[in-house]
Amino acid sequence: MAAALLPEPLRVSRGQTPPAGSAGSSAETAARMADFFGSIGDQIFKECLFELSDEQIEVQQALVKAYIARGGSPQAARELAAKQIQPPKLSEQCEKIRRMPATAVPGWDAKTVVAKPAVPEIRATQPVQLPASTPISLAGKAPLQLWDCAPGVDYVTIKHNGYERKLTGGEICNPFEDVVREVPPDLKNFRLGYTIRTGRVFIIAEGSAANGRTIAWGLSGRDICRNNPDPDCLATRAVGPLPPGEYSFASDKAHRVTWGPKTKRQVAAVYLSKLWHRERFSAKHTQAILARGNIAIHLRLKGEMSEACIGLEPKSWAYIAELIKSGRATSLNVHIDDPHPQIAEKPPVIVKSTFSLSSLFK
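Going letter by letter, the sequence shown gives residues 1 to 362 in the numbering used here.
Simulated from the structure, these hints should not be mistaken for laboratory data. Values in this document were obtained by computation on a predicted structure and should not be read as measured data. No false leads were mixed into what you were given.
Restraint ranges, calculated between C-beta atoms of paired labels, are given here:
| id | residue 1 | residue 2 | range |
| --- | --- | --- | --- |
| 1 | E177 | K284 | 36 to 44 Å |
| 2 | W276 | E51 | 35 to 43 Å |
| 3 | G207 | D154 | 43 to 51 Å |
| 4 | N189 | P74 | 54 to 62 Å |
| 5 | A254 | K284 | 32 to 40 Å |
| 6 | I57 | S273 | 32 to 40 Å |
| 7 | E79 | P184 | 43 to 51 Å |
| 8 | E322 | K284 | 37 to 45 Å |
| 9 | E279 | K346 | 27 to 35 Å |
| 10 | E279 | E206 | 22 to 30 Å |
| 11 | T157 | S73 | 18 to 26 Å |
| 12 | Q75 | Q342 | 48 to 56 Å |
| 13 | K65 | I350 | 20 to 28 Å |
| 14 | K89 | G140 | 37 to 45 Å |
We treat Cβ as the ideally placed atom computed from N, Cα and C, and that holds for glycine.
Based on the sequences and whatever the hints tell you, model everything.
Below, the structure written as structure tokens:
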């Protein structure tokens, strides 16, 4: 992926290739190459997200089928789905990187591809394997009314990984507004708080006037389990929201925000250290919850939902990622219900949509 954003064309100088068998020259060349790619690699991974994610591709393909089923022609359905599900706009900084002049990489005479940096696997602490004979069933469950499409909004229903998802204009119904409220500058260290039921991200800083204040809003869980703390949802891998409890970030500050090869974007991995509300869960639920892995905070793209993670809108992700990367945000506590109801606002969901099914027949 990253290679697509390297300055084009990537020219190299044959005249600078070291003689065969020159170990010293080869080592020096490798060092210069590492410096070259290191100088732009971090910028690429930080600034540039430029293709559809796997989920967006699957959603786009499902939209085509849904539009055809509603009476659209195959061509119109493909054009509409392609228009609605697109990669996010490149940031200004990414555009600058993309427009960089051609640069000669010293001493390399081959087509070069930038490899993604290795990332430690994101896993919950002390995972427990759930026996295949005791699956969790979500049969008969419906999404919480708060996240359903607002009355009068046109939508189509697709199926993704066996679950129904309503989309309007290619986007999930009732996404969050991209609200960002900055942490007071004098608050140097604090914990992040997250409420599963509402999606609120807030400050935890006992004794501070900022304690409980909202920072942003993030989605967690897919489809019928979106921000749904039902025990069956919490125990269902790849569908339920992240479990309640105490989480830590990577101990190595340099790896708190890293490139996620599965999500194809930067993520902040979080590691479950203590599961809360065990009294609410059966032994089967607890076992399944502890077996869930790959929990993170990340950017959410149009049409996507988020499994066992916190998916944030672009501005919210950029701000919270910086809080984590800088070390100001030291850990994460996840609550089922908001511990600060007296100051917690209602979720800022977007209920309106300009999508019209009549557009399929134009």
